[in-house]
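Asker: Given chain F's structure and the hints, the job is docking chain V onto it.
Residue numbers (this note's numbering), protein chains in the order written: chain F, 1 to 329; chain V, 1001 to 1329.
If you are wondering where the hints come from, they were derived from the structure by calculation, not from laboratory data. All residues carry an ideal CB built from backbone N, CA and C; glycine is no exception. Treat the hints with care, since some could be wrong.
[As the list claims (entries may be wrong)] Derived DSS-like pairs (lysine-lysine); straight-line CA-CA distance at most 30 Å: (1) F/K204 / V/K1086; (2) V/K1191 / F/K319; (3) V/K1216 / F/K162; (4) V/K1086 / F/K232; (5) V/K1076 / V/K1048; (6) V/K1244 / V/K1113; (7) V/K1244 / F/K321; (8) F/K162 / V/K1191; (9) V/K1132 / F/K153; (10) F/K319 / V/K1308; (11) V/K1237 / F/K153; (12) F/K50 / F/K3; (13) F/K232 / V/K1132.
[Said to hold, decoys possible] A few chain F residues that face chain V, going by a derived Cβ cut-off under 8 Å, partial list only: (14) N36; (15) A38; (16) A145; (17) T212; (18) K321.
[As the list claims (entries may be wrong)] Covered stretches of chain V, going by a simulated chain F footprint (3 or more residues, C-beta under 8 Å): (19) 1112-1122; (20) 1206-1216.
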Amino acid sequence: MVKLGIMSFAHMHAASYADCISKLEGAILTGIADDNPARGRKMARKFRTKFFNSYKALLDEDIDGVIITSENSRHRKLVELAASCKRHILCEKPLATSIKDAQEMIDICRANGVKLQTAFPCRFATPAIRARAIINEGRLGKVLAINGTNHGKMPGGWFIDKKKSGGGAVMDHTVHVVDLMRWFIKQEVVSVYAEIDTRFYNIKADDCGILTMEFGDGTFATLDPSWSRPSKSFPAWGDVTMEIIGTEGVLDLDIFNQKFSLFSEKEGKESWVNWGDNMDMGLMEDFVNMIEEEREPSITGEDGLKSTEVALAAYLSAKRKESVRLPLE
Amino acid sequence: MVKKVGIIGCGTMGGFHAGFYRQIPDCQLAGVYDIAEEKRNKFAEEFKIKPFSSYDEMLKEDIDIIDICLPTSLHKEYVLKAAEKKKNIFCEKPIARNLEDGKMMVESCKNAKVKFMVGHVLRYFHEYAKAKEVIDSRTLGNIGVVRAMRGGAFPHAWQEWYADYQISGGLVLDMIIHDFDFLRWCFGDVKRVYAKGMINRGYKFIDYALVTLRFKSGVIAHVEGTWAHPPGGFRTKLEVAGSKGLLNFDSSDSLPIHMEVKDTGGGRGVAVPESPIKESPYLLELKHFVNCVINNKEPDITGKDALKALEISLAALESIETGRPVVLN
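Same shape as in the complex, but just chain F:
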C-alpha cells in the first residue's frame, strides 16, 4: 500500500487528486497539511483523512510520497522540505515561477534520492494518448505545425496575484499544451514570441495572449492560453485543443470533447457534461505505480522546467516585442 500526503489545497486540483486516491486500491491518503487550517480541516473531513498542523508533522508520518498543490511560488519551499524528509514528490504545474527555482528543486530532489514528478494530467487523457500514438505511427507523416488552445475562465484568487502565481493566464495555461507538444513530437522549443495583455478583467495579472513557438526540428506552433471563456455563461471551464498538421494528414484533438449538452432551468444556461476517462486518475495511478516499482517518473522535473521556461520566455518576448531564443540565459 502506497501512503500519500497532500501539502496545501491552494490549487483546486488537490480535491480531484484526493478523490482519485480514495478510489485507488493500492494507495491511501494518510493525511493533509495546509497553512490554511480551516481549508485543510474541511478537506480532511471530506476525504476522511487526518489533518496535520504543520507540513513537517505530515512529513514525519510514515508516508511514501506527497502531492504539492500550493500556490506556484511556494512549490520550491515545499519541495525542499519534502525532499529533505526523503519523500517522493508530485508537484502541481507550473513547476516553479523561475528557472532558478525549478532547477534547484530538481537538484535537491536528486541530492536526496527522491523522485520529482510534474503534474501534467493531460498526458493521461485517453484522447491525447491516442493522438500521440497516431503521430508516432507516422500516419500524419512529418508534423509541420500545431495550433493549440488552452482556454479557461478567469480563476481569481491567488492565480491573479503575481507574487503567488508568477503570472496570469500565460503562466497558468501555457505549460499543459507545451508539455503535450514536446511529448508528441519529442522536440524542444527553440524560440518564443508572444503578445500578452490584460483585456477582459480589471486585474493586475495578464488574462490573454497568443504564443508562437518554433521547435528544434522546425515545427512551428501557436498556443492561446487566454482566460477568454465568459465566467457565467460558458458551458464548461475551458478547453485543451490541438490541431496537428502533418505532411500526410491533419488531426484535430479536443481532449474534453467526450461530452453532452445539458440545458438546466436551475443553471439558466447550457452546460457540458463530460463522460470521458478521468485523466487525474491516470496521473495518480502513475505516481503510485512509480513509487511501488521504484522507477523513474514518467513526467520529470526537467519536463516541468522546460514548459515553465516557455511561459517565462513568453513574458520576456511580450516585454521586448521580439522573439526570444531558448534556453533562456
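Answerer: This is chain V only, laid out in the frame that chain F set:
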C-alpha cells in the same frame, strides 16, 4: 440603364462571377477574354456571350465594367489598361502582389475617375456581417482575443499558379487576406504582425500559416490559414472573445442540410452537406459594385482598404521570412 460587364479570366472565379452577374437585373454580360482560346470559347458558349481574341479589342467595346479574375501578379497590367479606357473595374483579391503595384492601380483608377473595388467578399458573408453587427453592438464588451481560421486542400488551378510563391504569395497573400480585411474592418488598423509559415521549407502543394496580429486598439488576433488538409470540405471558423461574452462559429457546424445518399454502385454513401441561402455573398458583393457604378457612389470596400489588407499580408510574409515581428506604420 443596363451595365455591360466583361469578364477577364475563365478560371473558377470567372465562371462564378459570370453566373452571379446573370442574376443582377441591371446587368448584362457582354463578353469574355482569356489568353487561352479554347477556354474562352467554351466559357463564351456556356454563358452565351462574345469571346474576345484580345484584351485591347474588348476594351474598345461599349463595356461599362471589367471584372478581373486573373492570377494576382497579372492584376496590375489589366487594371491599368482598363482604367485608361475609362472602364469601371472589379478586381479579385488580393489587389496586387506588391504594394507599389497596388498603389499605382488605386491611383490610376482615381485619376481616371472610374469605380474600383477589390473582392474582399468576406464582408458580404452573412455570418461575418452578423458577427460584426454583434461586435459593434458592444454585446461582447471589450474585445480581447479573436481567432479566425480558413482553409482546406491545396488549390490546383491554371499552371499551378497558387504553388508559385512569386505569383500568388501563397495562402497568406491569397486566402487569409480575407480574414485580415475582415478583422481590420472590425477592429481598425494593425500595429504589429508575427507569423510562421511554410515559405522556404521545401514542401510542394502544402501551405500553412499561423499569424498573430496586434491591433492599434489592443485587440489580439490569431489567424490560421491552411492548404494542408486532404481533399474535402473547405472550412472557416471565427471566435471573438470579449469582456462580456464570446461569439463563435464553425462553418462545418452551420449546415442546415446534411444529406447522405446511397451510392448506386453499392459502395460507400456520399455525404452532401449544404447551407442554402437566398443571396450568395458573391452576388451581394457584385450587386453592390454594379449599384455603385449606376448611382455614381464610392464602393464600400475602397482602394485604401485593399492596400491596407495587402500590407498586413505582406508584413506576415516578411515575418515568416525573417522570424521577426513586423511593425506597421
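Asker: Under a C-beta cut-off of less than 8 Å, do 3 or more residues of the segment 1112-1122 of chain V approach chain F closely enough to confirm the stated coverage?
Answerer: Answer violated; 0 residues pass the 8 Å Cβ test.
Asker: What's the verdict on V/K1191 and F/K319, does the C-alpha distance respect the 30 Å limit or exceed it?
Answerer: holds, 15 Å
Asker: Regarding the pair V/K1132 and F/K153, is the alpha-carbon distance no greater than 30 Å?
Answerer: Status holds; Cα separation ~24 Å.
Asker: Min Cβ distance, F/A38 to chain V: is it shorter than 8 Å?
Answerer: Violated, because the Cβ-Cβ distance from F/A38 to chain V comes to roughly 33 Å (cut-off 8 Å).
Asker: Tell me if the straight-line CA distance from V/K1244 to F/K321 falls inside 30 Å.
Answerer: holds, 28 Å
Asker: Take a quick look at whether V/K1086 and F/K232 sit within 30 Å of each other, Cα to Cα.
Answerer: violated, 57 Å
Asker: Does F/N36 meet its interface restraint, that is, does its C-beta lie within less than 8 Å of any C-beta in chain V?
Answerer: For F/N36, the interface hint is violated, since the closest Cβ of chain V sits about 31 Å away, which is over 8 Å.
Asker: Sort out whether V/K1086 lies within 30 Å of F/K204, counting only the CA atoms.
Answerer: violated, 58 Å
Asker: Quick check on the hint: F/K321 CB to chain V CB, less than 8 Å?
Answerer: holds, 6 Å
Asker: If you draw a straight line from the CA of V/K1216 to the CA of F/K162, is it 30 Å or shorter?
Answerer: holds, 27 Å
Asker: Sort out whether V/K1048 lies within 30 Å of V/K1076, counting only the CA atoms.
Answerer: Holds, at about 28 Å.
Asker: Within 30 Å, alpha carbon to alpha carbon, are F/K162 and V/K1191?
Answerer: It holds: about 28 Å lies between the C-alpha atoms, which stays within 30 Å.
Hint check: violations occur at hints 1, 4, 6, 14, 15 and 19; the rest are consistent with the structure.
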